[in-house]
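Engineer: Take a look at the letters that make up each chain.
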Amino acid sequence: AQSVTQLGSHVSVSEGALVLLRCNYSSSVPPYLFWYVQYPNQGLQLLLKYTSAATLVKGINGFEAEFKKSETSFHLTKPSAHMSDAAEYFCAVSHGSGNTGKLIFGQGTTLQVKP
Amino acid sequence: DAGVIQSPRHEVTEMGQEVTLRCKPISGHDYLFWYRQTMMRGLELLIYFNNNVPIDDSGMPEDRFSAKMPNASFSTLKIQPSEPRDSAVYFCASAQGPYGYTFGSGTRLTVV
Numbered sequence: 008a009q010s011v012t013q014l015g016s017h018v019s020v021s022e023g024a025l026v027l028l029r030c031n032y033s034s035s036v037p038p039y040l041f042w043y044v045q046y047p048n049q050g051l052q053l054l055l056k057y058t059s060a061a062t063l064v065k066g067i068n069g070f071e072a073e074f075k076k077s078e079t080s081f082h083l084t085k086p087s088a089h090m091s092d093a094a095e096y097f098c099a100v101s102h103g104s105g106n107t108g109k110l111i112f113g114q115g116t117t118l119q120v121k122p
Numbered sequence: 003d004a005g006v007i008q009s010p011r012h013e014v015t016e017m018g019q020e021v022t023l024r025c026k027p028i029s030g031h032d033y034l035f036w037y038r039q040t041m042m043r044g045l046e047l048l049i050y051f052n053n054n055v056p057i058d059d060s061g062m063p064e065d066r067f068s069a070k071m072p073n074a075s076f077s078t079l080k081i082q083p084s085e086p087r088d089s090a091v092y093f094c095a096s097a098q099g100p101y102g103y104t105f106g107s108g109t110r111l112t113v114v
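Here the protein sequences come in this chain order: A and B. Position 47 of the first sequence, counted from 1, bears residue number 54 in my numbering, the numbering being contiguous throughout. Position 38 of the second sequence, counted from 1, bears residue number 40 in my numbering, the numbering being contiguous throughout.
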């Protein structure tokens, strides 16, 4: 069965500091991996996705993530945090080949950005 | 594109009442998903459709929940009878192909 673990339910950084949100996955087949962001009272918005092409994936708003098969990780990073990055972030996994369309989400990480 | 449209945005109902949540997916998308979000359980997939056909409803909590997709542009999630533990935010999402969902803004359901 597929699963996702997000390490740290809350992460706090200062404005301008590096953002690192951790995600580890479990999958018996090559996975597709995603990061979503959720602002208060809104739906989830796709930040970026890995679908077995380049292992370093660039997304919107300056975020990127690197797929590391040996570590079963897909951590999300941004070099310099902005106040507007404060939100909840979700990592998700689905099947790769033979994709059934079922996305499994992690529990989420709330990012706080301090001035 | 107007995105995925959900209605109502907020719903407050009394225990035992029937609740119907509605979703209009993005035109041309062939997958539609219903998720429930709570603090305790996070995001749970309830059911999803491909080309209007239910593919996996294993996440539907119990028989009180039902979902339909009569055509490519409309889906409903119904709870009958509703209970306080059904209080949550319900999201609909659609996709062209089986990944890269677009989520609606959600329906916040409160059952009192």
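FYI, nobody ran anything at the bench for these hints, they're computed from the structure. Please note: incorrect hints may appear among the correct ones.
Stated by the list, open to error - Pairs of lysine to aspartate or glutamate residues, derived as DMTMM-like cross-links and limited to a Cα-Cα distance of at most 20 angstroms, are as follows: (1) A/K56 with A/E22; (2) A/K109 with B/E13; (3) A/K109 with B/E46; (4) A/K56 with A/E73; (5) A/K109 with B/D32.
Engineer: Mind checking the alpha carbons of A/K56 and A/E22 for me, to see if they're no more than 20 angstroms apart?
Structural biologist: The given pair, whose Cα atoms are some 25 angstroms apart, is violated under the 20 angstroms limit.
Engineer: With a cut-off of 20 angstroms on the C-alpha distance, tell me whether A/K56 and A/E73 pass.
Structural biologist: Holds, because 10 angstroms separates the two Cα atoms, which is no more than 20 angstroms.
Engineer: Check the hint pairing A/K109 with B/E46 against an upper bound of 20 angstroms on the C-alpha distance.
Structural biologist: 11 angstroms, holds
Engineer: Hinted pair, alpha-carbon criterion (20 angstroms max): A/K109, B/D32. Please report holds or violated.
Structural biologist: 13 angstroms, holds
Engineer: Do the alpha carbons of A/K109 and B/E13 lie within 20 angstroms of each other, as the hint requires?
Structural biologist: 27 angstroms, violated
Of the numbered hints listed earlier, those contradicted by the structure are 1 and 2.
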